[in-house]
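> Assemble the complex: chain A is given as a structure, and chain B must be docked to it using the hints.
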Amino acid sequence: MTSATLPLDPVLAPDDEDEDRIAERYDREELFVEMQSGAVGRLGPFIRPHRHLAYAAVAAILLFVAAQISIPLLIKGAVDSLMGKPGSWGLPIILIAFGGAILINSGANYLSEVTAARLAQRIIFDLRREMFAHLQRVSQSFMDRSHVGRIMSRLQGDVNALQEFFETSVTAVGDLALLIGIIGVLFALEWRLALLTLLLLPVLAGVRALWLPHARHVFARARDTSSIVNGALAENINGVRVVQATRREIANLADFDIKATENRNAQIAAAWAAQIMVPTIDILTGIAMGIVSLGGAWLVLTGHNDVGVMVAFIFYVQRFFEPIRTLSQQYTMAQRATTAANRIFEVIDVPVEISDTPAAVPLRADPPSVELRDVTFGYRPGLPILRHFNLSIAPQEVVALVGPTGSGKSSIASLICRLYDVSGGAVRIGGQDVRDVQQQSIARKVVMVLQEPFIFTGTVEENIRFTTPDVSHEAIVRAATAVRAHDFITSLPNGYATLLDQRGQNISVGQRQLLSFARALVADPAILILDEATASIDSFVEAQIQEALRVLMKGRTSLLIAHRLATVKDADRIIVLKDGAILEEGSPAQLLRLDGLYASLHRHNFSSFDEL
Amino acid sequence: MAPETGPPKPHLTHYSAGDAIAALGIDTASAPAVLRRVIAQAFRYKYRFALAMTACFAAAVANLMLPRLLGHAVDQAVAIVRHKGADNGALAPVAWTAFLLMAASAVRGILQMVAGYNAEFVGQSVGRDLRLAFFETLQRLDFSFHDRIHSGDLITRGMLDLEGVRGFLEVGLQRIVQLVVLSGVGGWLLFTRDPLLATVTLLFLPVVGLLAGRMGIRLRLAWTRLQERMAVLTRVMEENLQGARVVRAFPARAHQMAEFDKAGDAALAFANQRIQIRSRSMAQINGAYYTAMLLVLWIGSHRIASGALTIGQLAEFLAFMTILQMPVRQISMIMNAGARAVSSGTRLFEILDRQPAIRDADDAPDLAVTAGQVTLENLSFRYAPDAPWALRHVSLTVQRGRTLGIVGPAGAGKSTLAHLLTRFYDPDEGRILIDGQDIRGVTLASLRRSVSIIAQDVFLFDDSVERNIAYAEPETRRPVVRDAAITAQLHDHVAGLPAGYRTSVGERGSRLSGGQRQRTAIARALLPDSALLVFDDATSAVDAATEHRLRHALRAATDGKATIIISHRLSSLMHADEIIVMDGGRIIERGDHAALLAAGGYYARLYELQTQSSRPEADAAREEIEA
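Going down the list, the protein sequences come from chains A and B.
Going left to right, the first sequence walks through residues 8 to 619 as the working numbering numbers them.
Going left to right, the second sequence walks through residues 15 to 641 as the working numbering numbers them.
Read the hints as simulated data drawn from the structure, not as lab findings.
Please read these numbers as outputs of a predicted model, since none were measured by experiment.
Listed below are several chain A residues computed to face chain B (Cβ distance under 10 Å; list not exhaustive):
1) Gln274
2) Gln282
3) Asp313
4) Gln325
FRET-style restraints, in silico, Cβ to Cβ:
5) Asp33(B) with Asp262(A): 45 to 53 Å
6) Ser44(B) with Leu203(A): 55 to 63 Å
7) Arg442(A) with Asp33(B): 56 to 64 Å
8) Gly528(B) with Glu360(A): 24 to 32 Å
9) Leu219(A) with Gly321(B): 52 to 60 Å
10) Ser44(B) with Pro500(A): 26 to 34 Å
11) Asp167(B) with Leu206(A): 55 to 63 Å
12) Arg442(A) with Ile602(B): 53 to 61 Å
13) Ser498(A) with Asp33(B): 39 to 47 Å
14) Ala43(B) with Leu203(A): 52 to 60 Å
15) Glu554(A) with Asp275(B): 36 to 44 Å
Backbone N, C-alpha and C define an ideal beta-carbon position, used for all residues, glycine too.
Bound conformation, chain A alone (with noise of 0.2 Å):
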């Protein structure tokens, strides 16, 4: 991903919503998906250790919805004590009732709250810790398979749909449980009235049946088009250099107008949709309000009722309808939330191909030599790239692996450091093989530096330590000075302590890669080794990284991965490699007399082994 990646989904749902507002964004996000009730099994062990609190809020929410339904009662209570009717109780108990009421009320309020965010916080960042440390462990092979953007759309996303259908599940079950409590409440009341008024409930249900194929629809259509209007900003903007040079505004505005008119289109379409359903549900709310009224005199005329049921109707019916539309939408949360489940399993399902061994003991790396013995590899099966591969590097040697691209020399880095395992035969490291020891263990001995230097957020010094605990600012100067890093370093706005841009975008190429030579040295491996650490920096400080490479390979077993002879005419022993088996071997010197290939590149002067 680049840096100027689209802020599409939110890292987290607006907060300025209010419930109505989160309610017709779900309305109108309905996905419909199968559900899928594997997932939901699989969040088991991620509840599990939260499950007290799981309880607690369950609890909570429970004694706040009992509070809930007492208040209509207690009421009905007051009016029965002033109409004076028999058994009733006294006004005094019923408003001190009613005070405590309110405290369980505005307990229960806060803790099933505070209980319930908490739960899905705590669950979600569970989660997303697992995924983050299982992508720790994967193999290399994996990750060059997948795109950093769809893991990215799953660490934040999915998890974060997962996270809302937590937060409103407990809710949830507090609406439920206040629909039954206010149903059951009424029919207890007075069921004749209850019958009536809950007559309308499937009304309601047929209501929203009808609706919602439409309303599907239409609210797709609005979301594709805002994405279709953001991509279309996002670009305009990444690319606005290129729409300047060429002349292309009014074309582009025209192109922008078209998108975005018709995005307003279908928005008001959407809007049109959702609005639709706001007087079917008021309209309900007024038939039950009159069927309570109409029905609640007949009944009190019949002497089947009190005018204190009636009064507890009236507020019963006017909260009737609010649960069964949050459920609903619910509903569509679970739905959304099942898909998101699954997603993030898929990551944390990537089977770990390398893992440690029980018996896995640190490598040693003593002596630091490196071998490959009769080594078959292939990044995909069928497909070779080394077949019966024999090398071995001697303590303190520096060798050169040359050829052309594809001829698999950053496959042997890649098994030195165990990136990937070998298909057959074995590679060795001091005479341990990779694969019986810890896998941590190996990159504290064999460091390699890339072509491409990446540079993480943070200060200078801290790049150069990176992983190393417990270096002394004294040191990382004197690395940085080793590789000629140390000048320009100083030349920057706060030397040592310079915040660097992710991906190091305000220092060059060159002083990057000098950077990640410094955290090699100050890595301090017996095994280095460098994966065309020099191939995408240009000829004026080629010379001077060249020297830094010097300084930074003396005393260690080398092994150098280039495609440009210039860089490797200082080998100890140059291996040409072409199609996975070695060409030549031999020092510089041998080479040339050997009039091979190495020999006639370097006579016709060809920069490079891709010319070829």
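Chain B in isolation, oriented as in the chain A frame:
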């Protein structure tokens, strides 16, 4: 790896609303003006906007009828109880009330729909207008603006800030109208009935309003803070994944997990503060609301006992409180949306109000290319008044059919020079003449048609190959596009693609290799009938053999144009008619290849350096043989 910034901040629940506004960076002095300007956007659709607001007003009034009618119904039921032996005729007034209830409720719903629909109509229309204005402004703003402001920031403004402004118009205003009508008109109606009880009923309004308002502002702050922390967490994850090879090349697993946990814990801390703020405020609001209800019930029952109030009237008061409850709670949302509209509006208007530094002079004529001669006279330029000079006293001439090579270390001013030729920046001193016309005196469109630049960092659009090639000249016919692709050595590759020239290149040209992207950009620059072609390190990713063929083809295709080649590789430019060597913004050597070698200066040393690995004359020799 980012350092912790600043001293530890107090828990957000300790912030007062004023502190929170200050912490959000909202300038309270300019906030009303920004908010007025946001609302003014809606006045472009004044009829719809008026309709929305009127409907919203009327819906609130209809809403107020409900408690009154419910109270009536209760009183009518009470009357039935009191007059024992009433017959079915006593139900007639109740039936009438029930009918009115249904009617008021339906009217309320319909009016709310009208209000909601029209408000969204206005909001979406304003959104579209702002989007277009934003787009148009960005296209006009010059390079120095785009250099300063990160493209991600601009995208955020164009997407999220736009939503912030729109959301306030759509929902925020409606809620305000609703709240004012319900509390104002409703309060007045209650006062006419029972002043004491009305006072008690309305007492909860300021308390809950203040609580909710403070909660809204604090939640906005907590959310902003949390977003910042989440951005750090995202960055840690993204860098880890992008740098996966480096992470694996070092014993970095524990280190990276520690980084992740640090960022995650920081985000979690703010997430918890946000939960605290919301839960605590919600509980307080609920408590205040129900306490007021308790008071109403208490006083009301005494009044009923003394005969000053009917049971129905008490029910009316209570039902009114139920109705008023939601809009008062929504003060939180209004404050939140208002704060967002102010900060979003400020950020959006800041861009919209900006004037490009480089634009056509009044009545500027088109550039008239005759002899095709480009002259730079004593050019000096720096990117900012306090920045070092990027170019200093540069003078040169290049003519139709001739090639000028420019070489020099990174930061020598080579690309800057190229960007001045198309007026991406204006020089601080000196001038650029094309056939005697100062480029600042002609229209930008005619200048940029006459000067084509191919940059090292190629940007392609997510469209077909042919549309990308014809990007500058969309009307170009297919055979002409094909010819340009042939010259740029792209045709063989494109012809082999499944959909040929109609194949999509993917986002930013991701389906092409680096070299193919550069060659597409070259083909794109060949189509306009330009007088000057500038290759700014345009073949860095093209392999040597292809570059050789490309140069050969270009020579024939560009003999009617002046050419400038900027490169690190001497082999790309050693055949130029004149070569200038730049360092620190100045021309330090000039001449043709032979003369520069003979001079034994910087160029000669560079040549020496590059021939250690490759001798450029080998390429030149091959070229001669093949020519």
